[in-house]
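*Asks:* Could you build the full structure based on these sequences and the hints that come with them?
Start counting the sequence shown at 1; every next residue gets the next number (the numbering used here).
No wet-lab data here; the hints were simulated from the structure. Fair warning: there could be bad hints in the mix.
[Unchecked claim] Per label pair, the in silico range of CB-to-CB distance: (1) ARG7 to SER126: 27 to 35 Å; (2) VAL67 to ILE21: 29 to 37 Å; (3) LYS2 to SER126: 38 to 46 Å; (4) ASP70 to PRO111: 19 to 27 Å.
The beta carbon of each residue, even a glycine, is placed where N, CA and C say it ideally should be.
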Amino acid sequence: MKKLLKRIPRHFGGLNLLGVIHLHESDFSAAADTLARAVEINAQSDATFNNLALALKSLSRRSEAIVAIDKAIGLSPRTPDFWNLRGLIHSEMMELDRAARDFDRAIEVNPKFAVAFYNKGNALLSARQYD
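*Replies:* Below is the structure:
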């Protein structure tokens, strides 16, 4: 991969794959840098914006993660995973009403998306909304 990127430094597929490898290796800083370069080349890749948001969230760069996941949602609003991730980021920011709305949207898109129910329950519990 590094040989490819040395020859073609703006190769979207190579940058995207290397960013995902960095994510899996828990090298979130390298993942964020690499995926940011990838989305500069191809701003139409919802999955790359999602992966960038994951890396930024892992670095506690939550505001930047929201920007990235919003771009993924803008490209693919019917992907429940994107709404769920945005809800998780909002939960970490203690924006629990926003988080609950995001989890609701994930459930609306896919009523069998169990993890969104679980995450919504945790957000409501944190907000002390028991009813």
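*Asks:* Each hint should be assessed against the structure and marked as holding or not.
*Replies:* Okay, the hints, checked on the actual structure:
{"no.": "1", "hint": "ARG7 to SER126: 27 to 35 Å", "result": "violated (49 Å)"}
{"no.": "2", "hint": "VAL67 to ILE21: 29 to 37 Å", "result": "violated (23 Å)"}
{"no.": "3", "hint": "LYS2 to SER126: 38 to 46 Å", "result": "holds (42 Å)"}
{"no.": "4", "hint": "ASP70 to PRO111: 19 to 27 Å", "result": "holds (23 Å)"}
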